[in-house]
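> If you follow the hints, you should be able to join the two separate chains into one complex; please do so.
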Amino acid sequence: MTGRLARWSKSFGHFWWDFLVGDTPELFLAMLVLVGVAYALRHERIADVVALPVLAIVALVASAWRGRARTKGQA
Amino acid sequence: MSSATIILMLAVFGACSVEAVEALTIVLASGTTRGWRSAMEGTAAALVVLAVLVGAVGVPLVHYVPINALRVLVGALLLVLGLSWLRKAILRASGHKAKHDEDAIYQETTASLRAGGGVRGRRDSLGFVVAFKGVFLEGMEVVLIVISLGASQHKLADASAAAAAAIVLVSALGLVVSRQLSEVPENTVKTVVGIMLTSFGLFWLGEGAGVHWPGSDLAIPVLIGVFAAVTAGTVVLLRTQAPAQAPAQAPAPPRAEHARADGTLAP
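First to last, the sequence lines map onto chains A and B. Residue 1 is where the first sequence starts when you use this note's numbering, and the numbers rise one by one after that. Residue 1 is where the second sequence starts when you use this note's numbering, and the numbers rise one by one after that.
Any given hint could be a false lead.
As the list claims (entries may be wrong) - Facing chain A, from chain B, some residues (calculated, C-beta under 8 Å):
1) L86
2) T198
3) L202
Said to hold, decoys possible - Here are the simulated distance ranges between beta carbons:
4) A:H14 / B:L218: 24 to 30 Å
5) A:A69 / B:A51: 22 to 28 Å
6) A:A6 / B:G210: 22 to 28 Å
7) A:V33 / B:V168: 36 to 42 Å
8) A:R7 / B:S3: 41 to 47 Å
9) B:A98 / A:E44: 24 to 30 Å
10) A:H43 / B:R239: 20 to 26 Å
11) A:H14 / B:N68: 48 to 54 Å
12) B:A172 / A:V21: 32 to 38 Å
13) B:A165 / A:H14: 27 to 33 Å
14) B:I6 / A:A6: 41 to 47 Å
15) B:K99 / A:G13: 29 to 35 Å
16) B:A51 / A:D18: 21 to 27 Å
What the hints contain is simulated information worked out from the structure, not anything from laboratory work. Just so you know, even glycine gets a beta-carbon here, dropped at the ideal spot from N, CA and C.
The shape of chain B in the complex, shown without the other chains (with noise of 0.2 Å):
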């Protein structure tokens, strides 16, 4: 196995664990107030829409497009998915953004859903709604990384396979501790995640567009060092500029808290 492709599935795998953990919080909430079985089903008809996403997009266009064209193609795609993560970190890290609050979102979530009225333990479309477009929409970032990496480098299963390891690992543990992964620091896996989308984006772009890098692959643990080292820096400028107090969170009360008065989560 190839650096690169180690690379690739780090990238991969990040991505996906953060994604992973947004979506676990969602289905917590919804398997919580709605019940389990709508939960786990919306859960379960999202995971299977995304991969078939995969399989009708991503082997044609492994198969049938141009490999060049396709470099640039998802080159540009990584470039402006890793920039937007890189900015919004740089943001938080520097005390300009709130930090990704699972605790907040958990209690908004539960809060508007016990506010739909309740039906549960039997079939409930509200919960499965929640469930089902929680995972799609965290889900669909992923399978433009999976798509685009696993493309770019001919590498799908690979790329496939290391989100797969990562929502397994991440619902393995949300099972658990059976809650939302709050203590996952979600901000750090971003950044680095951002690093390596955008070292691959313009890597892949370059590569597509004729552009002979030194080295070739090795070019790209260089883009990574070179992006974290501009990262580290931005950060150190912007919180010298930190406004004088940090943008307001949601309340998130303590844990034990809303495990009591839900009733269903374990203390």
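Extracted from the complex, chain A is given alone in its bound form (with noise of 0.2 Å):
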């Protein structure tokens, strides 16, 4: 019983962990960032709507930028 437990356990964080980090933890750091961005900006009227756009894409196109990379790499 205890040994399933762990087992289902394990594979439950195995999966919260390729799910929320996998290949790409530029991308789940960057989300940190857009949090913590969102509630330090948010009586900025105008810096909020601009900063998390712009971080976003930034975060989207280093990351694509690092498979391209990567896949130059492995060629």
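See below:
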């Protein structure tokens, strides 16, 4: 019973690790930064609505660029 | 029905279609090699477990978690999921990553199932487990999307209906053509859904944290436009950096060939 629970917890943790971090830890970090920035700038009328999309775009492009570099390295 | 609800339902429908196509490939492989009874039982069992998860996790979330905390949480989840789908779609569209090949996956799955020894026509645990795992694992992302999008707007029923419609449509198409749906433009659908998930995620994350988006819900279509433009631009940029040879794909034999070899697929 305990062994089954441990196995289940392990695969549950594994699923969330793969889902949230996987091979793109930079996107997980970007999400944490975005949450922080959203709270930090919530009283700024313009800065928040500009900063959030810009940060998300930077994270996406940087991550895709990193993925490109990886495939180039493998080739 | 508001425009935000329509976009939400489209996002759920698209995400669910992509995952359903992938699950259908595994179920077909299991059904044709190990027998349909076990494959259907595995599929049904996985769908029941997924529906229970939506009810058990989604309904309490909607009723008991403060709406702003919920929006930050689901916004963050959607953002991670949307950005990773978009990243993958960009790399595939720009030639840096092999496209998802349903034919190759079908071939690989049937080969490994045949290697497990044959028990056809009666209950087969391997066929059941493969179909169950395929549907359950592909369905988990859909469950997360349904719960996240549905809970953040208190539209769990609408999101579930859109997911169910996608499952029914893909299953019906699969039954009609009696084979895996390799012609579905999966990368295009994944790109569109990735853009929607990222836009919804960013919107709800900001909304939950107290950010005032100009135009309220109207900011969602604007974000979708911005991310669509960025995605297109990044694909163009990365195409100029494409490797001399595209990443290798598993060879996919002509469909008629494995239909004959298998003996159970329609021509």
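> I'd like to know which numbered hints this structure contradicts. Please list them from smallest to largest.
4, 5, 6, 9, 10 and 11
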